[in-house]
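There are 2 protein chains.
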Amino acid sequence: MNGKLIGNAIVGQSGGPTAAINATLAGVIKGALSNGAIKTVYGMRNGIEGMLAERLVDLGDIFLDESKLDMLIHTPAAALGSCRKKLPDPKSEKAEDMAFFEKVFEIFKKYDIRYFFYIGGNDSMDTVAKLSVYAAKKDYDIRIMGVPKTIDNDLVATDHTPGFGSAAKFVSTVMTEIVRDCAVYTTKAVTIVEVMGRDAGWLTASAGVGKALGIDAPDLVYLPERDFSMEEFFASLRTAFEKHPNIVVAVSEGIRFADGRYVGEGTQSGSTDVFGHKYLAGTAKALELAVKAEFGCKVRSVELNLPQRCGAHIASKTDLDESVAIGAEAVRVAADEGVSGEMVLFERISSTPYVYEIKHKKVSEIANAVRCVPDEYINAEGNHITDACCEYILPLIEGEAYPEYERGLPKYIVL
Amino acid sequence: MNGKLIGNAIVGQSGGPTAAINATLAGVIKGALSNGAIKTVYGMRNGIEGMLAERLVDLGDIFLDESKLDMLIHTPAAALGSCRKKLPDPKSEKAEDMAFFEKVFEIFKKYDIRYFFYIGGNDSMDTVAKLSVYAAKKDYDIRIMGVPKTIDNDLVATDHTPGFGSAAKFVSTVMTEIVRDCAVYTTKAVTIVEVMGRDAGWLTASAGVGKALGIDAPDLVYLPERDFSMEEFFASLRTAFEKHPNIVVAVSEGIRFADGRYVGEGTQSGSTDVFGHKYLAGTAKALELAVKAEFGCKVRSVELNLPQRCGAHIASKTDLDESVAIGAEAVRVAADEGVSGEMVLFERISSTPYVYEIKHKKVSEIANAVRCVPDEYINAEGNHITDACCEYILPLIEGEAYPEYERGLPKYIVL
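Those sequence lines, one after another, are chains D and Z.
Numbering that gives the first Met the number 0 numbers the first residue of the first sequence as 0 and each following residue consecutively.
Numbering that gives the first Met the number 0 numbers the first residue of the second sequence as 0 and each following residue consecutively.
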């Protein structure tokens, strides 16, 4: 597999937007444009769905001007557009399923695509795994690589995922500001801040890192890795009120009671996405009503919502630098080392000083598994994170990667 | 009134927090520490309420180290704490009302307070006006000054208010990011973003300024200055869908139907604050449900909530510079020109280039009036802002005033 495979490359983005997915795209483009084995670098609009419709762009053409790549690095969301398409089983016997894969490989052949890079989260790695299985059955030489991306930080095998650091920096920065905001009045009040993360509490955990620096952080932090108990929550609030009148709480959207019901269930829409995930909304709102009924004090709920995943104006420099690097490395190992069917990943060598290496691993061992926050990162009471968790997260939010501004507004690229 | 009045000064903050109210405090401190007429500079904790409890701090002591003042400038929310206290009528005949004012002036006398600076919004100017009326009845020489502050930008007499520019920069920056985020999918979807502003739509208007720079901005912008019609909103959405599948809408929390009912009324808590203002919540949520029922497509609502008023990490440099300047000028006119019972304010000389002057005016002509967005800043359809509005807002969000960071988190001062 170490022979030079000469041909064209295609790159796509999939799943939810992040502040770093375009930095990874820029890394792939840089890597591909400077690799002798790769001729044309195509971008697929809206992921695999757009590729099927042959909605391709010539990225070498667009990024002749290097300064545009720099603007791409700082632009949030998926510049090529995204999709949420679940691929059929490549071992399926159904005619329509086979027709799908036939169509994909027809397009590969038509455009002489020999390198396929897919930037995304768990569901996107599923796509990479399935295309790899089908490619193995076909007599068509192609190298298929997954490049991780998700604010949820829940992919297995990698120390962390590109996009997490920037989302964590937004959440932790805004939390230091909300804590200051809530401290101005002397009246008893509870502010409940809801953070994204359905099954893994990584992003909610980042709300609490200030405590390691002696900065006022939320009093309480609740992750979906622990069963949520309303009684214990009320007890923790009572203890917190003994210290000061303004309590700030960070909760993950995905916290559940011991019986499995989501805390926000009463206020959720009940619909599910194509992967069967339930849409959640209103976990903080549900807690707001419960705390108001119990304590009778002022209670507010704040959903950090979309800004936490697209807040490129406060992106982590570490995250953007790493995102560019991992995109370029995916190209290098595919083109120079013949790697295929794998995902590039980060291996942490040490936290202090922060040192990491980029490795790669079979995507079949990665897709469809969720990496949760481990026990040693959550305190015994299940209502805050530990110092070890802070030491894990802090290097990932280090450094500020500011976009350029014009007349007061950030300059973002539109492809 | 031009004689030198020698004595101590006291400064307080009141009303809702902003990202610039501490910059104004820093300006007052700088001005007072360098003015020969002023000896000790006291800060009152939690506004007039804290002063009554003699919860005072010696600010000259705290800010001996100049670098601390710089950190104060970049710190969001009210470092001295705030309050929402409505003062009684100074012309009242009631014994308890008179006792209140007697107590205030006893404290003035006890600490030899000859300068009183109160940084706040509309309700705080009411405090300044009432203290000034009472001071005029008393044989006690004191100069009382109001320094404006509010993200709502709704004070009359001034071109704009300190704090508005930074909140507007947060809102407009995050909107450019939300628009990018929403553009990634090809499926029909509406995203409704709710911005603070009960009676005046200034902050919601700032969500739309990107259009003047050719940046993708929200498709529709609704201010409380216009009656809201659900039928016209649906019609505007239909027109917008003809251009692209992803519609982004910015709405003020305070939009009302022609009959006066708040759009978010169904979801509001019904309670009021001490000034009789209704608490609103869920305007975007109410619209989300209505649009979902009408169009059957994916609809999301996003409340920008607290982060828009405390987002010091993306403060406007123009706003922070002006906020320091107006605080220092309040001290100068009080001490050097004998001005009292007035509010310092901005007068705009031109927008291109942006030039302003700081003036002052009787606070009795300012308090308890609301300055709304004028007709010429809202388009004929009532669903977006005009170019003239953009030209008004853009200079106020110009420049980035970043705080210092340590290990990835902003360094904010706690007094």
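There could be a bad hint or two in this list.
Put simply, identical chains are the same to the list, so a pair is met inside one copy or across any two.
Within a straight-line C-alpha distance of at most 25 Å, the following computed PhoX-like cross-link-like pairs (lysine-lysine) qualify [claimed, not checked]:
id: 1; residue 1: K316; residue 2: K84
id: 2; residue 1: K291; residue 2: K84
id: 3; residue 1: K67; residue 2: K93
id: 4; residue 1: K358; residue 2: K210
id: 5; residue 1: K38; residue 2: K291
id: 6; residue 1: K187; residue 2: K84
id: 7; residue 1: K410; residue 2: K316
id: 8; residue 1: K210; residue 2: K410
id: 9; residue 1: K109; residue 2: K242
id: 10; residue 1: K361; residue 2: K84
id: 11; residue 1: K67; residue 2: K210
id: 12; residue 1: K210; residue 2: K136
id: 13; residue 1: K137; residue 2: K67
id: 14; residue 1: K29; residue 2: K85
id: 15; residue 1: K109; residue 2: K360
id: 16; residue 1: K108; residue 2: K316
id: 17; residue 1: K85; residue 2: K297
id: 18; residue 1: K242; residue 2: K85
id: 19; residue 1: K84; residue 2: K297
id: 20; residue 1: K38; residue 2: K67
None of these hints come from the bench; they were simulated from the model.
Hints versus structure:
no., hint, in the structure
1, K316 <-> K84, "neither (31 Å within a copy, 44 Å between copies)"
2, K291 <-> K84, "between (41 Å within a copy, 23 Å between copies)"
3, K67 <-> K93, "neither (44 Å within a copy, 70 Å between copies)"
4, K358 <-> K210, "neither (32 Å within a copy, 44 Å between copies)"
5, K38 <-> K291, "neither (63 Å within a copy, 46 Å between copies)"
6, K187 <-> K84, "between (48 Å within a copy, 16 Å between copies)"
7, K410 <-> K316, "both (17 Å within a copy, 17 Å between copies)"
8, K210 <-> K410, "between (34 Å within a copy, 13 Å between copies)"
9, K109 <-> K242, "neither (68 Å within a copy, 32 Å between copies)"
10, K361 <-> K84, "within (21 Å within a copy, 64 Å between copies)"
11, K67 <-> K210, "between (39 Å within a copy, 21 Å between copies)"
12, K210 <-> K136, "neither (53 Å within a copy, 51 Å between copies)"
13, K137 <-> K67, "neither (38 Å within a copy, 67 Å between copies)"
14, K29 <-> K85, "neither (29 Å within a copy, 61 Å between copies)"
15, K109 <-> K360, "neither (29 Å within a copy, 74 Å between copies)"
16, K108 <-> K316, "neither (39 Å within a copy, 54 Å between copies)"
17, K85 <-> K297, "between (44 Å within a copy, 19 Å between copies)"
18, K242 <-> K85, "neither (50 Å within a copy, 28 Å between copies)"
19, K84 <-> K297, "between (44 Å within a copy, 16 Å between copies)"
20, K38 <-> K67, "within (20 Å within a copy, 56 Å between copies)"
The structure shown violates the earlier hints numbered 1, 3, 4, 5, 9, 12, 13, 14, 15, 16 and 18.
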